[in-house]
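Peer 1: Going down the list, the protein sequences come from chains A and B. If you use the UniProt record's numbering, the first sequence corresponds to residues 1 to 412, in order. If you use the UniProt record's numbering, the second sequence corresponds to residues 1 to 412, in order.
It is possible that some hints are incorrect.
If chains are identical, the list can't say which one is meant, so a pair holds when it fits in one copy or spans any two.
Listed below are the simulated BS3-like cross-link pairs for lysine-lysine, each with C-alpha atoms no more than 25 angstroms apart in a straight line [stated by the list, open to error]:
(1) K256 / K169
(2) K104 / K365
(3) K196 / K104
(4) K365 / K338
(5) K256 / K389
(6) K58 / K408
(7) K256 / K104
(8) K318 / K342
(9) K171 / K242
(10) K389 / K104
(11) K272 / K338
(12) K270 / K242
(13) K389 / K106
(14) K319 / K365
(15) K338 / K171
(16) K141 / K318
(17) K342 / K319
(18) K58 / K106
(19) K319 / K256
(20) K219 / K318
(21) K219 / K235
(22) K219 / K256
(23) K365 / K106
Think of the hints as simulated: they come from the structure by calculation, not from any bench. This one's a predicted model, so the numbers in the text were calculated from it and none came from an experiment.
There are 2 protein chains.
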Amino acid sequence: MRAKIVNIGDELLIGQTINTNAAWMGEQLDLLGIKVVSSIAIADTREAILEELESASKDAQVILITGGLGPTKDDITKHTLCEYFDSELILNEEVLEGIEEYFKSKGREMLQVNRDQALLPEKCEVLINTRGTASGMWFQKDGVIYVSMPGVPYEMRYLMIHEILPRLKAKSDGGIYHYTVKTIGVGESYLAEEIKEWENELRAEGLKLAYLPSPGIVKLRISGFGSSEKDVKDKVHSYADKLEELIPQYIFGYNKDQLSEIVGIKLLAKEKTLGICESCTGGYLSHLLTSVSGSSAYYEGSMVTYSNELKMRILGVKKETLEEYGAVSEPVVEEMVKGGLKAFGTDYTIAISGIAGPTGGTPDKPVGTVCIAVGSNDEIRTFTFLFGKSRERNIHMSAIYALNELRKMLDD
Amino acid sequence: MRAKIVNIGDELLIGQTINTNAAWMGEQLDLLGIKVVSSIAIADTREAILEELESASKDAQVILITGGLGPTKDDITKHTLCEYFDSELILNEEVLEGIEEYFKSKGREMLQVNRDQALLPEKCEVLINTRGTASGMWFQKDGVIYVSMPGVPYEMRYLMIHEILPRLKAKSDGGIYHYTVKTIGVGESYLAEEIKEWENELRAEGLKLAYLPSPGIVKLRISGFGSSEKDVKDKVHSYADKLEELIPQYIFGYNKDQLSEIVGIKLLAKEKTLGICESCTGGYLSHLLTSVSGSSAYYEGSMVTYSNELKMRILGVKKETLEEYGAVSEPVVEEMVKGGLKAFGTDYTIAISGIAGPTGGTPDKPVGTVCIAVGSNDEIRTFTFLFGKSRERNIHMSAIYALNELRKMLDD
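Kindly generate the complete structure, drawing on both the sequences and the hints.
Peer 2: Here it is in structure tokens:
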């Protein structure tokens, strides 16, 4: 099956909104084995919509449309769809009840324009949207499926997950299975070199592999397609197992696993607590940890000791150590960990000190030099990394590499 | 002038990459007064590119193309452009020298495929790309301009800013001027109501206004178009001045100003220092402050006291206060500020304690309740806000509202 994505909205054309819908929808379709031919953003006008409906149907069997379904007069997708499919608007009682309930729950006054959202084309199958007041609409004409849905990501995703993707899956052939292995601390090209033979074997077996890189992390998505879902799943997992044997040192999780969650789960399982001493990351590592709901069960807090004065006063780093080795040094982060363990009274502490840039580098310690210590009262491990020139990236890399070292220590 | 944007790359269709290029390019064109008709993402194939070149030229005078210019054999934009414009590849000596220099500076070996990037269509004007090895190409045919550039955002933006936008600006008519006023602490619809008359007057004068909302912040972009750049600029500024008189309490900056930078500039000007005590924001406010290069001149550090135990031990919050009022209360954040002023030895301290969610709410203090205190040894101000249900949004809103209260205190 071939699909086209059509996103309606002037805000996409003038850059007021980044089109994240197209990427998310494309990924979901690809995961079902449906080929995405193009995704286009067009203006909120009758002419642009009619032209695109006409041209899109030439080369695709599925056309997914977002946007232009709000209650204001600018939103004209529904009327244009009626025109294109030669259909009339009729009142949908179920949708009207839903809209009334929606306004009641929000305690807001319901206007005629809101009530009119229950008027829907008679020639479509209505897809109930419990997240908002604009319904999804499923049309079929000359063997082509057209689905219209709201552009609000939260509503679009609801309709895709609960209504549209299951219907499309039923129409696509055979079993599909995806499994993602998440690695950290190894670059994409180096990783590709290390797993070359495994990758060739996997491809020879008809499986697909996608490298999905982000700073510090490379996700490997293994996909299988075939007539039996069970066979496909078994085959994908047998290759995931082989990968696990090949590069255990880089793998930190699977599918939706987040590094900060994985570390949290390990701490919880061992009933251990954590405190953080940050310098160059300036609170970012603490932010990553506390973005996980429930982190207060193992996470005590953080000292962001940006100044040397605070490193001494609060963490007990010695003046001589700072003078002899400099703030960005393994002896200093080691003393920060010791001070942190005492101040927090936690089982584990992480300390980070580095030169995030863009200024502050020296020939000896260029921008991107970061020292990390991870430890408990039994053992402290120290590391020095050289990341790059971007401040934002250096902060991010320092935080996830530090988390990764704690993960490894918890595993040992 | 009407423009279309064509982004080539399978990674855009399967959602591996979010198409940020389309949004950025659309915004730049809109700022020049050029109407963006559509932006389309298509596959990396000869057929898809040829089809799109043919159809795009029907309805636009400018077609901006990104992607498919790398050295690997998958990248076929250049060859397809040659076919479409009936042109031959010829060696460009200037580009070859640039590529040689690029590899020398990176200390990497140069392969034949890299050398081949200096082969460019004879029928185009070559746009020199100092950020990478793929050149920009400017074609004209039957009154339509086609520009091809790399898909790497950092390289695309370089070529757009230095080569393409200036040429397009020269072709568009008259003066264009934009000025953005940044507000905080007021919702978009409430703001629109407050400035309705001013907005009507502005529109009657032929100026344009765009509301650009993000959590907690609404940017108002005033745009003027006319024959004289000076007149346009004067008119835009006269309306910005009127707005300043109308809603001074909401305005924190202009154009590229960031709230964390504005606060930093004010602290520097007064030679004052800042420390932070965070609970529910978990390091995020500290992260915002330290994302600004040079922040170490006024920012001392942060205590992320996630547990009550730490609030007492490190910040000296009294057990009785915690028991009587709860951790999320104005008396507790006031004690946190006092403790922070002492522990950091700074002139100002901010304290935040709240229920970020999704759990932890009570009927009295639902998820989204956040207490903030801002103060010095002379004065402490406390606030209670009720944000919403999203953990991520609550963390973000708490941090920027706290910064905004410090900004106001520094202004008084």
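Peer 1: Cα distance capped at 25 angstroms. Does K338 pair with K171 within a copy, between copies, both, or neither?
Peer 2: neither (60 angstroms within a copy, 65 angstroms between copies)
Peer 1: Using 25 angstroms as the alpha-carbon threshold, which applies to K319 and K365: within, between, both, or neither?
Peer 2: within (20 angstroms within a copy, 45 angstroms between copies)
Peer 1: Given a CA cutoff of 25 angstroms, do K219 and K256 count as a within-copy pair, a between-copy pair, both, or neither?
Peer 2: So K219 and K256 pass the 25 angstroms test inside one copy only (10 angstroms; across, 35 angstroms).
Peer 1: Pop the pair K256 and K169 into one bin, within, between, both or neither, using alpha-carbon distances up to 25 angstroms.
Peer 2: within (21 angstroms within a copy, 46 angstroms between copies)
Peer 1: Measure nothing new, just compare the shortest in-copy and cross-copy C-alpha distances for K58 and K408 to 25 angstroms and report within, between, both or neither.
Peer 2: neither (54 angstroms within a copy, 59 angstroms between copies)
Peer 1: With identical chains treated as interchangeable, where does the CA-CA distance between K256 and K389 reach 25 angstroms or less: within a copy, between copies, both, or neither?
Peer 2: Between. Shortest inter-copy distance 22 angstroms satisfies the 25 angstroms Cα cut-off; intra-copy 30 angstroms does not.
Peer 1: Have a look at K342 and K319 and pick one of within, between, both or neither, based on CA distance no larger than 25 angstroms.
Peer 2: both (18 angstroms within a copy, 21 angstroms between copies)
Peer 1: As a check of your reading, is K58 near K106 (CA-CA no more than 25 angstroms) within one copy, between copies, both or neither?
Peer 2: neither (43 angstroms within a copy, 47 angstroms between copies)
Peer 1: Classify it for me, K104 with K365: is the Cα-Cα distance of at most 25 angstroms met within a copy, between copies, both or neither?
Peer 2: This pair counts as between: shortest inter-copy Cα distance 23 angstroms, intra-copy 62 angstroms.
Peer 1: Go through the copies and call it for K318 and K342: within, between, both or neither, with a Cα cutoff of 25 angstroms.
Peer 2: Result: close both inside a copy and across copies, 15 angstroms intra and 21 angstroms inter.
Peer 1: I want to check one pair: K272 and K338. Are their C-alpha atoms no more than 25 angstroms apart within a copy, between two copies, both, or neither?
Peer 2: For K272 and K338, the Cα distance is within 25 angstroms only inside one copy (17 angstroms; across copies 31 angstroms).
Peer 1: Quick one: K365 to K106, C-alpha cut-off 25 angstroms, is that within a copy, between copies, both, or neither?
Peer 2: between (56 angstroms within a copy, 19 angstroms between copies)
When the structure is compared with the earlier hints, violations turn up for hints 3, 6, 7, 9, 12, 15, 16, 18, 19 and 20 and for no others.
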